[in-house]
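Student: Given next are the chains, with one letter for each unit.
2 protein chains.
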Amino acid sequence: MTSIDAIRGKKVLVTGGLGFIGSNLAHRLVGLDADVVLLDSLISEYGGNPYNIRGIENRIRVCIADVRDSGVIAKELSGIDYLFNLAGQTSHLDSMNDPHTDLEINCRAQLSILEACRKHNPTVKIVFASTRQVYGKPLYLPVDEKHLLQPVDVNGINKMAGEWYHILYNNVHDICACSLRLTNTYGPRMRVKDARQTFLGVWLRMIVEGRPFEVWGGEQLRDFTYVDDAVNALLMAATSSHSRGKVYNLGGECVISLKDLAELAVKVSGTGEYRISSFPPARKRIDIGDYYACYGLIQEELGWQPLVPLAEGLRRSLDYYRSDISHYI
Amino acid sequence: MTSIDAIRGKKVLVTGGLGFIGSNLAHRLVGLDADVVLLDSLISEYGGNPYNIRGIENRIRVCIADVRDSGVIAKELSGIDYLFNLAGQTSHLDSMNDPHTDLEINCRAQLSILEACRKHNPTVKIVFASTRQVYGKPLYLPVDEKHLLQPVDVNGINKMAGEWYHILYNNVHDICACSLRLTNTYGPRMRVKDARQTFLGVWLRMIVEGRPFEVWGGEQLRDFTYVDDAVNALLMAATSSHSRGKVYNLGGECVISLKDLAELAVKVSGTGEYRISSFPPARKRIDIGDYYACYGLIQEELGWQPLVPLAEGLRRSLDYYRSDISHYI
Numbered sequence: 332m333t334s335i336d337a338i339r340g341k342k343v344l345v346t347g348g349l350g351f352i353g354s355n356l357a358h359r360l361v362g363l364d365a366d367v368v369l370l371d372s373l374i375s376e377y378g379g380n381p382y383n384i385r386g387i388e389n390r391i392r393v394c395i396a397d398v399r400d401s402g403v404i405a406k407e408l409s410g411i412d413y414l415f416n417l418a419g420q421t422s423h424l425d426s427m428n429d430p431h432t433d434l435e436i437n438c439r440a441q442l443s444i445l446e447a448c449r450k451h452n453p454t455v456k457i458v459f460a461s462t463r464q465v466y467g468k469p470l471y472l473p474v475d476e477k478h479l480l481q482p483v484d485v486n487g488i489n490k491m492a493g494e495w496y497h498i499l500y501n502n503v504h505d506i507c508a509c510s511l512r513l514t515n516t517y518g519p520r521m522r523v524k525d526a527r528q529t530f531l532g533v534w535l536r537m538i539v540e541g542r543p544f545e546v547w548g549g550e551q552l553r554d555f556t557y558v559d560d561a562v563n564a565l566l567m568a569a570t571s572s573h574s575r576g577k578v579y580n581l582g583g584e585c586v587i588s589l590k591d592l593a594e595l596a597v598k599v600s601g602t603g604e605y606r607i608s609s610f611p612p613a614r615k616r617i618d619i620g621d622y623y624a625c626y627g628l629i630q631e632e633l634g635w636q637p638l639v640p641l642a643e644g645l646r647r648s649l650d651y652y653r654s655d656i657s658h659y660i
Numbered sequence: 332m333t334s335i336d337a338i339r340g341k342k343v344l345v346t347g348g349l350g351f352i353g354s355n356l357a358h359r360l361v362g363l364d365a366d367v368v369l370l371d372s373l374i375s376e377y378g379g380n381p382y383n384i385r386g387i388e389n390r391i392r393v394c395i396a397d398v399r400d401s402g403v404i405a406k407e408l409s410g411i412d413y414l415f416n417l418a419g420q421t422s423h424l425d426s427m428n429d430p431h432t433d434l435e436i437n438c439r440a441q442l443s444i445l446e447a448c449r450k451h452n453p454t455v456k457i458v459f460a461s462t463r464q465v466y467g468k469p470l471y472l473p474v475d476e477k478h479l480l481q482p483v484d485v486n487g488i489n490k491m492a493g494e495w496y497h498i499l500y501n502n503v504h505d506i507c508a509c510s511l512r513l514t515n516t517y518g519p520r521m522r523v524k525d526a527r528q529t530f531l532g533v534w535l536r537m538i539v540e541g542r543p544f545e546v547w548g549g550e551q552l553r554d555f556t557y558v559d560d561a562v563n564a565l566l567m568a569a570t571s572s573h574s575r576g577k578v579y580n581l582g583g584e585c586v587i588s589l590k591d592l593a594e595l596a597v598k599v600s601g602t603g604e605y606r607i608s609s610f611p612p613a614r615k616r617i618d619i620g621d622y623y624a625c626y627g628l629i630q631e632e633l634g635w636q637p638l639v640p641l642a643e644g645l646r647r648s649l650d651y652y653r654s655d656i657s658h659y660i
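These protein sequence lines map, in sequence, to chains A and B. Okay, so the first sequence: first residue is 332 according to this note's numbering, each after it adds one. Okay, so the second sequence: first residue is 332 according to this note's numbering, each after it adds one.
Hints may be right or wrong, so weigh each one.
Identical chains blur together in the list; that is why a pair holds if it fits in one copy or across any two.
Said to hold, decoys possible - With a straight-line Cα cutoff of 35 Å, these simulated DSBU-like cross-link-like pairs (lysine-lysine) come out:
id: 1; residue 1: K615; residue 2: K450
id: 2; residue 1: K524; residue 2: K450
id: 3; residue 1: K577; residue 2: K468
id: 4; residue 1: K477; residue 2: K590
id: 5; residue 1: K615; residue 2: K406
Worth flagging that the hints you see were computed from the coordinates, not collected in a lab.
Same shape as in the complex, but just chain A (with noise of 0.2 Å):
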C-alpha cells in the first residue's frame, strides 16, 4: 500500500501539465500542497490548453517549454523530488504520417530528460505515462504485463523504447523509475477538438453539442479509465517504494464494445444520436481489435483499482463539456 500524502510539500514537475491528465494530476497536486511546476509545450495539434489550469494558476508556475529543448529540460529538473513524464504525441494516425517527429518526441526527447536526471538529479523519481499501444493486436485477453510487446504504430514502438530508457536508467543507472501502462483514459479536460487524444472525447462533444456522432465498427470491446483513477495511479506509484522499475497496466471497471458504450453515453446524456460505420482504411490498418487490460499487477503491489464506474465518469465528463464546451473546441 502507499502513501500518497508523501507528496505534500514536495517539488514536482509535470511534463504535458496543460494537457489532459497532467492537468488533472495539478488540480490534484495543488490539492495535496505540493510545490509544481507544469512544462508543456502548448503545440496546437497536441492536449495542452490554459483552461485546464482554471482556478490553480497561482498556485502553480507554468513553464511553456518543449521537452525536446534539452537546456530547459535540464534547468527545470534541477531540486526536483518527482517528475511525472506524461509529454508525448499520443495520435497513432499522425506518428504513422510524420514518424520523425513522433520520434523526437516519444524517444529522444525522453533519453534527454533520463539523462539530464542522470547527471543534474539522480535522487528524483520518475512516473512515466506509457501507453496499452505497445502492446499492439493483444494476443491474448485479458492483457498483463507479461504479454508481448508487438506495437502496430510507429507511436506505440517509440512509446515502447521511451519507456525502456527509464526502465534501463533505473536499473543501470539508479534513477528511480516506472511506467504505467495507460489504457483509454477520459475526463474533464481532455482533447475533444479531433480523436488525437481519443475518440471518446469527439463523442461527447458531439453529444454536448447535439450533433450525431460516428462510431467506426462497434463491436471492439475496449476499457477505459476516469481520468482521478488515472492520477491516482500516478501518485501511488511516484510515492510508493514498491513501484522501482517496473511495469504497470492500469485498466477499466468494467469492459464494454464501443457500440454499448455509444449507447451507455446517449443514456447517460439522456440526448444525442450515434450511428454505425465502417473503419476508414487508414485507422483500420492500424487498429488492434478487441483490448482490454488486466490490473492485477498494480492492484496486488501498489493498491490501485479504478473507482469511477463508467457510467459516473461520462456523467462527469458531460456536464463538464455541458459547461465549458468553448474552451475545447
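With chain A's structure known, arrange chain B on it following the hints.
Tutor: Frame of chain A, contents of chain B only:
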C-alpha cells in the same frame, strides 16, 4: 525452402557494407553475380574496413556515406532490388556512454531508410540485422522468438525500435521486410581492434599476437554463428517468400561456456593462453548472463541451420588473422 540464386544479377545495396558481416555478404554476392553497392561510413569506432573487400573492389561500387544522411540514402535506394540493412552502432558500452548517437544510428536512421523506401522504392525487399540484445537477460533457455523483449542497454532498446519499424512498414506500408536476430557472429573480417563488435575477436587477435587474453567470468553460456552461416541466413531471408514481416533468431551449432570456448580456441590454435578475471563493473551491469537461441523457426520456414562447426570456424578465423592481422589493428 529458398532459392538464393534469385539474387543473381539483381541490384543489391548493403548498408554497413565494409563492415564484418556486410563485407562477407559482399564477397558472396559478387560470387552470385549480383550488382552490388556497399554503403559505409567508415567511422573509426565501427566495423568498416576497406581491406575487407580486397579482391572484389573492382566488381562492386562503394559509397562512403552515413546512414544518418537521408539524402544519400534516398538516392542510393533508387532502383535497388534488395537492401541488406546491416549498418549499426554495435557496442553495448558505447550506447550507455553516448545514448544519443546510438539512437541516431539505430533508431532515427532506420526510420529514414524505411521512409525513403516507402517514397522512392516501395518494391524493395529488406533484410534487417537485429540482435539477441533485444531480449535482455533470458527468462528461459533456449530463447525463442516468443520471449519477451526486455533489453538491458540503450543499444538493445534502439535495435528493438529499429527492428519494429521494419516490421511495421512491412505490415502497414507494404514494404517487404524481415528481421534476423543475430547472436554472436564471428569469423574473418570482424573487428579485432577492441571488443566493440565481439569479445571473441579480441581473443583471437591476442592468440595470433602471442599474448594472453582475458576471459570475464567464464561460466556464461553462449552460442556462436560463423559468418558464412549468417550470410546464408541473410540471403535465404531475402529470397524467400515466407519471410515477409517475420522475425527470426539465428543460433549456433553448439552451446558453450566462455571458459570452454577459450580452451577450444587455444586448442584449435595450438598456442595461446588466457586468464579468468572478474567482470568490469560497467559491463557487469549490462551483462545478460547465459544466452542461447532456439533457431527452430528459421529452420522450419526457410530451411536455415548453422553448418560450420565451432572448431572449424575458429580455425578459419585464426588462419585469416594469422595472415592478415596487420590490416585489422
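Student: Run every hint past the structure and note whether it holds.
Tutor: Hints, one by one, checked against the model:
1. In this assembly of identical chains, K615 and K450 lie within 35 Å of each other by CA distance solely across copies; the values are 21 Å between and 43 Å within a copy.
2. Proximity of K524 and K450 under a CA criterion of 35 Å is satisfied inter-copy only: 31 Å between copies versus 39 Å inside one chain copy.
3. In this homomeric assembly, K577 and K468 come within 35 Å of each other (Cα to Cα) both inside a single copy, at 22 Å, and across copies, at 16 Å.
4. Taking CA atoms no more than 35 Å apart as the test, K477 paired with K590 passes in both settings, with 29 Å inside one copy and 34 Å between copies.
5. With identical chains, the CA atoms of K615 and K406 are at most 35 Å apart between copies only, with a shortest distance of 32 Å across copies and 42 Å within one.
Comparing the model with each numbered hint stated earlier shows that all of them hold.
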